[in-house]
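From these two lone chains plus the hints, build me the complex, please.
Chain by chain, the residues:
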Amino acid sequence: MKKAIALILSLGMAFSLAACSGSSDEGSKGSTSSESGSAEVTSEQPAGQPDEVGFVELPIFEDEEAGFMNVNAVYFEPVPMSNGQDNIEDYNLHLECDVSALDNDLGYGLGDWVPYLTVDYEVISDNGQGDVAASGTFMVMSASDGPHYGANIKLEEADTYAVKFTFHNPEENGYLIHLDAKTGPGGTFDEYFADGNLEVYYEGWEYTPQEWN
Amino acid sequence: MLNYFITVTKDLLVASLVLGLLASFISRNFGRTGKRIYVSGIILGLIGSVVMTVFYNATKIIDKTGGTGSWNLRIFSVSTVALVIFLIFAVKPIIKKTKGAGEVIISAAAALLAFSVLFYALPSVLGYPFNFSLGGESYFSTAFIYRMIGYIFGMLLCLLTAISACKCSSKLGEKEAGFILKGVLIINGIHQIAKALQILHAKRIISGSAVFRIIKFTSNNGDLFIYLIIALAFIMPVILIIKGLNVKEPYENPAQKRKIAAKWRNTRRWAVTHILCLVMVVLVFTVFTAIDNREVELSPVEECELRDDALYIPFTQVEDGHLHRFAYETEEGVIVRFIVIKKPNSTSYGVGLDACDICGETGYYERDGQVVCNLCDVVMNINTIGYKGGCNPIVIDYKVENGYIIVPTYTLIEHESEFK
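So the protein sequences, as listed, match chains A and B. Our numbering puts the first residue of the first sequence at 1, with every later residue one more than the last. Our numbering puts the first residue of the second sequence at 1, with every later residue one more than the last.
Bear in mind the hints are in silico, worked out from the structure with no lab data behind them. Treat the hints with care, since some could be wrong.
Said to hold, decoys possible - From chain B, some residues computed to sit far from chain A (all C-beta separations above 12 Å):
| hint | residue |
| --- | --- |
| 1 | K92 |
| 2 | V211 |
| 3 | I215 |
| 4 | N246 |
| 5 | L276 |
| 6 | V334 |
| 7 | V378 |
| 8 | V379 |
| 9 | D397 |
| 10 | E418 |
Claimed, not checked - Chain B residues, not near chain A, derived (Cβ > 10 Å throughout):
| hint | residue |
| --- | --- |
| 11 | D63 |
| 12 | G69 |
| 13 | K97 |
| 14 | A101 |
| 15 | K259 |
| 16 | G333 |
| 17 | I358 |
As the list claims (entries may be wrong) - Cβ-Cβ distance ranges computed for the label pairs, FRET-style:
| hint | chain 1 | residue 1 | chain 2 | residue 2 | range |
| --- | --- | --- | --- | --- | --- |
| 18 | A | A194 | B | N345 | 46 to 52 Å |
| 19 | A | D90 | B | P344 | 24 to 30 Å |
| 20 | A | S142 | B | I61 | 17 to 23 Å |
| 21 | A | D63 | B | N381 | 36 to 42 Å |
| 22 | B | I214 | A | G186 | 51 to 57 Å |
Ideal Cβ positions, reconstructed from N, Cα and C, are used throughout, including at glycine.
Extracted from the complex, chain B is given alone in its bound form (with noise of 0.2 Å):
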């Protein structure tokens, strides 16, 4: 759940903040027709969107035209155009000289900063439940629900983060919202250039070791951009949070007064909610990450007999059904782990190493019941434990014999290497 909820709102953030600002500056300064404009850049970008979803997932057309990545090439180049055209037009003498040319190039531009940001985030977003049903779980599984729940809310915490920046963006003055709409819409600009310039490198269309060094930077600190945006959207309702401890608005009358201590009461709790939204993505970004991104705990290994150059565990120390962990510490000194697990309706018992082909000695923990792997989250059908195969545990000699499961330790010894 919260991996879907970190994600979404990674992905979904920056288009959030630029769809909300750019609808406060659009409805601010102009009519019907730039408002007409700018939706149909919104419609435009999300049945895009669902276009290239259905595109990258059933179809091979996004890769037959040069991939993901020309496709956000593209994206950035359209989105450069209209920034530039934007930040040229959209100051206000220009908007008043220019008046209805103004408006159609003005709205048309941010038009398609709406649908770059749409276009570029939301097909990933709505391609994500195409990954829900994992290993032949059910729709009806808690996994996809839980998994379901954390997408839902990553998209409304992005929606409402959208909604209270328009409203925060349109109840500041003019010059501060017009100063963190370009702050914001700059920032983003350059980091797409930084990403353009990272797929223009992994193509060996560009090299260099200046040019690499550059792209390195922005890669491994690209939540700075993201960060900087949050910053520049937080100084919104800080800014009107602290005018309205001191509105001095004249009044002629007492439903004036009201009137006026409404709008205040309405600005401070958009205010709010933006600050909360904001906080909320903050978690998000550190605090959820870290939960999310924190190793699981192997349970610890048991005690078990060695004799005669092999390990002897008891059926009844293994026979709950539960995963138990052993270990032998060979002569170089290196501990070679192996799970026991009784097979479910059986009186059979899968044994196997505590690492894999693929994902090495990373090992195997127990979660509702399943035995996954702990690297690559593969749940193992406990019942193919001791075959060959994917992600299954390393198969090992073993026998059973006199109420014990017996491992040799030459068998241990021998997959060694595994564990170094």
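Isolated chain A, as found in the complex (with noise of 0.2 Å):
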């Protein structure tokens, strides 16, 4: 009896020194870190921690590489959006796809956000075996700490989910590099796309649904 007190009690301390410290090594947050001209992005933000602008994002992966691409993904609370997209109350989370640029000829700066994209998005049941349970095409839209692609989907089972981003040439969008030697930046999309659109699967999210407010 003594020692079961002294479980749950023990248990009630770890959960309040968890809530109050949360400490993690794992990042979930995109940024650029470009010491001595390393062309690295990595993820600072520990994970499940309030950002500097302050709001909580979980982890899902972070700095799976795609191309060009530094690819982060994360999720938290459905949020509601602009151009008639508020309407939260079918969803449970809000699946986010941060994708920043590597070191490249096409144009952008190291850990810029690449616009233009059209970012499907696939999570699949099962670590990949099963049903695909969300499928959709990222919105782009900003939160406060800046743009992304992103969707409100639900998704009430816990289970471990693959999830699989599909990007597509950001020309499709009509989105143009130039091509002449003085102010082109050497590089052409189809370096990366000839092959067709490029892909990060990640299997493993262990995910069980949360309680956001």
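Here you go:
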């Protein structure tokens, strides 16, 4: 009995400490790290902690690379958005894809957000072996921490999911690159999209629905 | 309406049962001091919930202090410690032995438990009206009023459940009431620990496949805890009704007999009230939820003429101002659907795929003269159908000629992938 009481009290203490500190080695939010001309984009935001503008994002994966892009995925509470997208009753999370440029010859600064992408998403149950639990095309939007690709979705079952992001050529949305030697950055999208769309496929997202409020 | 009735009931049910049962325990065992301490816990919980609601919906304070998950961890910590103290001290020999000090300790633990369940459950409920006015709907719109009615009904059901639980518990024997109360508190405590593990795991503070297996089970079977609590609460009125069938209390005169009969009549009424509340709650969890989640059946695809690689839709078929759905089967065997609706107060038509970039091929349906996305429930502005953006139907090529809307098949084949 005493042991049981001690265990429960310890759990209480552990929750308190976790709630107060919540330290973690993992990162969740892409940001630029370019010391000494290093061409790496890494995540520095501690997982599950409020960022500098003050909202908490929970990590899915960090620093996956697709062509010239560094990709992070996070999720948080469903959010109302402009242009008639303010009904969040039927959703239980906001899935966000942060895309920043790696070292490239397309004119993007290292760590810049990559605009004009069409990004399709699929969330597949049973770690990629089951049904597609959610799919669609991300919308483009801005939060207080900047622009990103994202969507409110509904994912009710706790499961280990695989996440697939498909990136279309920005030229599909009319984004162009200077080709002349004088003003052009030197590269073209064909270098990356010659074989079709780019893809990030991540297995092992251990997800449980969260209570957001 | 149903959505908020269900949501509010689910959010507040456990809190209402805990509050009702604890109230009965305190008033049975303690005097004015204990009651005051317990009521203070409830009042603090109410005030704290209002403050939390304002902070959550109108400021960034909650997120800057760790987010809702961290706040729930704090609440669960306080609640767990209070539960342990309550379970240790709230037994008859200790209550008798410790007297005044025991009254303060146990009442304080009960007050903390009351504060915790309210502070955990109420802020989200108080915050729902912030979402009632969607898409610029007026506060006097039918949709707003329906949501408010569902919201208030949910609150009233939980309030009545709390009162009837308190009444039933107070009419039970001390041991039976104690068993029910502690059972409810322990099940709720275990559920809170499971939820805490989910939060810690999502924040990557804990990990491991064994941990995930446990929280996956508790998350996907969360209603099991609620049903166990409902089952325990259901025992109370059943015992009372059974006892009421076989009353053998001694009386000395007809007045005493009438008094005893009135007491049991009152007991039966509260027992029946509590049963009805719990039955309604179970209906909310099952039947009402199923009704609320049922999918809208899209109107059937209409016939139209196919010639010269185009679909011809006569104005006469679509000029009634309602949503009309058409389809074309590609060589790959994919049915590509599109919609046509005459715009209000206009001679022009809105034409687009029965799918959008965001929600995919889920389709649109007509509700009260409005076009609504079947997945996200966004109400379309009919005048903007045919334009790109948001949850609008994907734009397709078409032309209007000689009283026909003509949709070339190539534009439908182009969007074949949307319907695979």
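Checklist line | Claimed clearance of chain A by V334/B, with the beta carbon kept past 12 Å | finding: holds, 16 Å
Next item on the list: Report holds if the minimum CB distance from L276/B to chain A is greater than 12 Å, and violated otherwise.
Entry: holds, 28 Å
Checklist line | Minimum Cβ-Cβ distance from V211/B to chain A exceeds 12 Å | finding: Violated, since 9 Å does not exceed 12 Å.
Notebook entry, point to check: Minimum Cβ separation between V379/B and chain A greater than 12 Å?
Noted result: violated, 7 Å
Next item on the list: Could you say whether the range 51 to 57 Å given as a hint is met by the Cβ separation of I214/B and G186/A?
Entry: holds, 53 Å
Checklist line | Exclusion check [G69/B not at the chain A interface, CB over 10 Å] | finding: Given that some Cβ of chain A is not farther than 10 Å from that of G69/B, nearest at about 6 Å, it is violated.
Notebook entry, point to check: Taking 12 Å as the cut and beta carbons as the points, is I215/B off the interface with chain A?
Noted result: violated, 5 Å
Item checked: Outside-interface status for V378/B - nearest CB in chain A farther than 12 Å -> The claim breaks: V378/B does not keep its Cβ more than 12 Å from every Cβ of chain A (closest is about 5 Å).
Check: Minimum Cβ separation between I358/B and chain A greater than 10 Å?
Finding: violated, 6 Å
Checklist line | Status of the stated non-contact between D63/B and chain A (beta carbon gap over 10 Å) | finding: Given a closest Cβ separation of 4 Å, the condition is violated.
Next item on the list: Grab the minimum beta-carbon distance between D397/B and chain A and tell me whether it stays above 12 Å.
Entry: Answer for D397/B: holds, closest chain A Cβ roughly 17 Å.
Margin query: If we take the beta carbon of G333/B, is the closest beta carbon in chain A still more than 10 Å away?
Written below: G333/B clear of chain A: closest Cβ-Cβ about 20 Å, beyond 10 Å.
When held up to the earlier numbered hints, the structure conflicts with 2, 3, 7, 8, 10, 11, 12 and 17 and fits the remainder.
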